[in-house]
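A.B. asks: What follows is the residue order along each chain.
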Amino acid sequence: MNTKTETENKQLQSVASDEVAISMSKVNKWFGNFHVLKDIDLSIYKGERIVICGPSGSGKSTLIRCINRLEEHQDGDISVNGVTLDSNLKNIHAIRSDVGMVFQSFNLFPHLTVLENCTLAPVWVRNMTKTEAQEIAMEYLTRVKIPEQAEKYPGQLSGGQQQRVAIARSLCMNPQIMLFDEPTSALDPEMISEVLDVMIELAETGMTMLVVSHEMGFARRVADRVIFMDYGEIVEQNTPEEFFANPKSDRTKLFLSQILSH
Amino acid sequence: MTEITEQNKVSEKFVPKPSLPPPPNTTGAIGWLRYNLFDGFLSSCLTVLSLIAIGFMCVNFYEWAFAKAVLEAANRQECRITPTEFGTCWAGVKFWFTRFIYGRYTDTEIWRVNFAAIILILWMIPVWLPRVTAKLNIALSGVLIFPFLAGYMFLGGDRNWFMEIMVSVALGCFITVMIHSLLCLFTGAGISRWIIQLTGFSSRSERLHKFPVIMFAVIIFLLSLFLINDVAFKEMPNNLWGGLFLTLVISGIGIASALPAGILLALGRRSKMTVIRVLCVAFIELFRSVPLITILFMATTMFPLFLPEGFHINKLASAIVAVCLFAAAYMAEVVRGGLQAIPKGQYEAAEAVGLTYWQSMGFIVMPQALKYMIPNIVSNFMGLFKDTTLVSIIGLYDLLGMINAVSQDPSWIGLHHEPLFTAAVIFFIGCFAMSKYSQYLERNLGAGHGR
Ligand SMILES: Nc1ncnc2c1ncn2[C@@H]1O[C@H](COP(=O)(O)OP(=O)(O)OP(=O)(O)O)[C@@H](O)[C@H]1O
Ligand SMILES: [Mg+2]
Chain A
1 MNTKTETENK QLQSVASDEV AISMSKVNKW FGNFHVLKDI DLSIYKGERI
51 VICGPSGSGK STLIRCINRL EEHQDGDISV NGVTLDSNLK NIHAIRSDVG
101 MVFQSFNLFP HLTVLENCTL APVWVRNMTK TEAQEIAMEY LTRVKIPEQA
151 EKYPGQLSGG QQQRVAIARS LCMNPQIMLF DEPTSALDPE MISEVLDVMI
201 ELAETGMTML VVSHEMGFAR RVADRVIFMD YGEIVEQNTP EEFFANPKSD
251 RTKLFLSQIL SH
Chain B
1 MTEITEQNKV SEKFVPKPSL PPPPNTTGAI GWLRYNLFDG FLSSCLTVLS
51 LIAIGFMCVN FYEWAFAKAV LEAANRQECR ITPTEFGTCW AGVKFWFTRF
101 IYGRYTDTEI WRVNFAAIIL ILWMIPVWLP RVTAKLNIAL SGVLIFPFLA
151 GYMFLGGDRN WFMEIMVSVA LGCFITVMIH SLLCLFTGAG ISRWIIQLTG
201 FSSRSERLHK FPVIMFAVII FLLSLFLIND VAFKEMPNNL WGGLFLTLVI
251 SGIGIASALP AGILLALGRR SKMTVIRVLC VAFIELFRSV PLITILFMAT
301 TMFPLFLPEG FHINKLASAI VAVCLFAAAY MAEVVRGGLQ AIPKGQYEAA
351 EAVGLTYWQS MGFIVMPQAL KYMIPNIVSN FMGLFKDTTL VSIIGLYDLL
401 GMINAVSQDP SWIGLHHEPL FTAAVIFFIG CFAMSKYSQY LERNLGAGHG
451 R
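Chains as they are written, first to last, in this note's numbering: chain A, 1 to 262; chain B, 1 to 451.
Calculated from the structure, these hints are not laboratory results. Predicted model only: the values in this text are computed from it and were never measured. Mixed in with the good hints, there may be bad ones.
[Claimed, not checked] Residues of chain A clear of chain B, computed beta-carbon distances all greater than 12 Å:
id	residue
1	110
2	150
3	188
4	205
5	248
[Claimed, not checked] The calculated label-pair distances, taken between Cβ atoms and stated as ranges, are:
id	chain 1	residue 1	chain 2	residue 2	range
6	A	186	B	164	21 to 31 Å
7	B	144	A	231	33 to 43 Å
8	A	185	B	121	38 to 48 Å
9	B	345	A	237	48 to 58 Å
10	B	121	A	57	53 to 63 Å
11	A	74	B	131	48 to 58 Å
12	B	445	A	257	30 to 40 Å
13	B	131	A	237	33 to 43 Å
14	B	282	A	237	26 to 36 Å
15	B	46	A	185	49 to 59 Å
16	A	231	B	282	37 to 47 Å
17	A	257	B	279	33 to 43 Å
[Claimed, not checked] Calculated cross-link-like contacts (lysine to aspartate or glutamate; reagent style EDC-like; alpha-carbon spacing at most 16 Å):
id	chain 1	residue 1	chain 2	residue 2
18	A	130	B	206
19	B	272	A	116
20	B	234	B	333
21	B	272	A	41
22	A	130	A	116
23	B	344	A	71
Heads up, the beta-carbon is just placed ideally off N, CA and C, and yes, glycines get one too.
Starting from the given sequences, assemble the full structure and let the hints guide the process.
C.D. replies: Shown next, in the form of structure tokens:
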């Protein structure tokens, strides 16, 4: 029993290279007068898996939404795969088609079937033919273990299944980076693990992943680096062992004691 | 602790109670009557009073419409049933009915109007047949391309090169739609699949499949060009158009252009580009705040004052433009309302997978928003259909205009009620059909979503 949990929880081998995938330097953002992101400096390497945590309102979502320009940063530089994010629409589209995103509320397209959800962007953005796109979609739907739901509409699926479809939909674009914004926090407890399992399998393939999550078990097992944010700043970042064992800042300690106590 | 375990051991067996029939007189016809019409003293009184009122009206209507009906008469004077009293002169309606429908269109040319109507019906029927594919293309071609064909059939006369091309394209589209629908119905495969198969392209890469299809389109176009080469219709200037025909032309064009124009205006109003937004807001607010009749008068009387000397602008054309602008402004607000019902997450998900603005609008946002908009869109269409009667005030002979004209005809002078009743019935049929169709659409579009 004991040995089994140990092997299950064994940490994934790090596959991070020294090639930079995302680099942010001195990034600042305001919502009106409210300073959401303050001087964010962050480099993420290819194949690196990062978990971001922090209290509500600390700017975690805003940070990762800046990476694919769902939010616009006002100051500083962000570059993704060497392409600088500015108001150039071409760059934005190039980055968006290389960066997949999974939302807390799934955001599947309710008027399209699961398969159509997965093939729409490959056909129109990647110029695949319909048959090619469908083959790839079925492959990824099989990987997230719901090929039999392909013809259903999102509204007919459970939350966990919807979130797995959302992951498959992003993967169909063959992205190099995946962003996850609290992918499991809208799910019932028994569905969380089916989504986390899919994410762990994805991590094993060497995908660069940026995950906003409070699933500390997941962070321990998958993350190369855990980032703690508060008040729009990166308070602390470290390997998961160090981060959980001896947090440096007292803010981190307080946060960890709060989320680990229940 | 021990108590709990003991309780857990002795679990009772649950047997559901049998269902009993409901108390008597609460279901069935008698139950319905009691509950809905005779539920207490006040309700019974109201029911009886209403029944008396309805009965009274029915009797009166019967007397007017049937008992006093005069079906054969050569003029209004012959419709008297007593020397002093006129009967209900259905003979007048019968005499003028063709004019009510077609206005002053020459009798021998009326078949052209009917023929165009039949083409439109044939063009649109496939949209309702479940086995037919590519419905959206069929519907769009019907809305965008059919008007050129219809326009020529109605107007006749010489064709310039532009009309020559557009009429051929329209005819070609019609032929293609017909072949496609028949193929779908009888073989289950659409026309492009057949073309690809017959030309032997099915074994080639999917990217090459468009070439035989384009070839086919060109051939059909040339064929249509050849077909219409010798066809020339007598010119029927549009001041001869009238009656229900004219009403349908004006409201049809208004309806067909209102939705696309409304969508563009609504998107413009939400645009981040200030100039576009301000222009759209100004347009919408201007046209929504002015009565349609004013716009019609401005279009037909004031606008020509600004035109250079000798430049003549057709009254019907300016009325149609006025109706379209007015309808677009209203539709824009309906569309904006529908867009607001779409959660932000849908826009973000569409952006995040890399779709462009127009792609995400076209594939993600609009299809969902249109579903919410259907009741409002159809209300607007019904309003527009009825509002076109205002063009009778600026001197066009639409259905209402014809009716007014008839009442001033020397031998039928004073014939008002019967034609107006006829017009009311015609408008009711049109609007009721639209309303029923919108309910059907709502049910059908809602079904697929499973939520
Ligand atoms: N569009 C917006 N306009 C104004 N303020 C916003 C907007 N989006 C977020 N904020 C504010 O910015 C702050 C950071 O928001 P963000 O969503 O990034 O937090 P978060 O760390 O993801 O929190 P949570 O854990 O609740 O998701 C919050 O205080 C929020 O109220
Ligand atoms: Mg968040």
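A.B. asks: Determine for every hint whether it applies to the structure shown.
C.D. replies: Taking the hints in turn, this is what the structure says about them:
1. 110: Its Cβ does come within 12 Å of chain B, the nearest being 6 Å, so this is violated.
2. 150: holds, 14 Å
3. 188: Check passes; 18 Å lies beyond 12 Å.
4. 205: With a cut-off of 12 Å, residue 205 (chain A) remains clear of chain B, as the shortest Cβ separation is near 20 Å.
5. 248: Given that every Cβ of chain B is farther than 12 Å from that of residue 248 (chain A), nearest at about 34 Å, it holds.
6. A:186 <-> B:164: 21 to 31 Å: violated, 60 Å
7. B:144 <-> A:231: 33 to 43 Å: The hinted range 33 to 43 Å is violated for residue 144 (chain B) and residue 231 (chain A), with Cβ atoms some 55 Å apart.
8. A:185 <-> B:121: 38 to 48 Å: At 54 Å between Cβs, range violated.
9. B:345 <-> A:237: 48 to 58 Å: violated, 29 Å
10. B:121 <-> A:57: 53 to 63 Å: holds, 60 Å
11. A:74 <-> B:131: 48 to 58 Å: holds, 55 Å
12. B:445 <-> A:257: 30 to 40 Å: violated, 52 Å
13. B:131 <-> A:237: 33 to 43 Å: violated, 60 Å
14. B:282 <-> A:237: 26 to 36 Å: The hint (26 to 36 Å, Cβ to Cβ) is violated, given that residue 282 (chain B) and residue 237 (chain A) are roughly 52 Å apart.
15. B:46 <-> A:185: 49 to 59 Å: holds, 56 Å
16. A:231 <-> B:282: 37 to 47 Å: With a Cβ separation near 43 Å, residue 231 (chain A) and residue 282 (chain B) satisfy 37 to 47 Å, so the hint holds.
17. A:257 <-> B:279: 33 to 43 Å: At 57 Å between Cβs, range violated.
18. A:130 <-> B:206: It holds: about 9 Å lies between the C-alpha atoms, which stays within 16 Å.
19. B:272 <-> A:116: violated, 30 Å
20. B:234 <-> B:333: Distance ~42 Å between residue 234 (chain B) and residue 333 (chain B) Cα, so the pair is violated.
21. B:272 <-> A:41: Status violated; Cα separation ~30 Å.
22. A:130 <-> A:116: Distance ~10 Å between residue 130 (chain A) and residue 116 (chain A) Cα, so the pair holds.
23. B:344 <-> A:71: Holds. Residue 344 (chain B) to residue 71 (chain A) sits at ~13 Å (cutoff 16 Å).
Hint violations for this structure: numbers 1, 6, 7, 8, 9, 12, 13, 14, 17, 19, 20, 21, all remaining hints satisfied.
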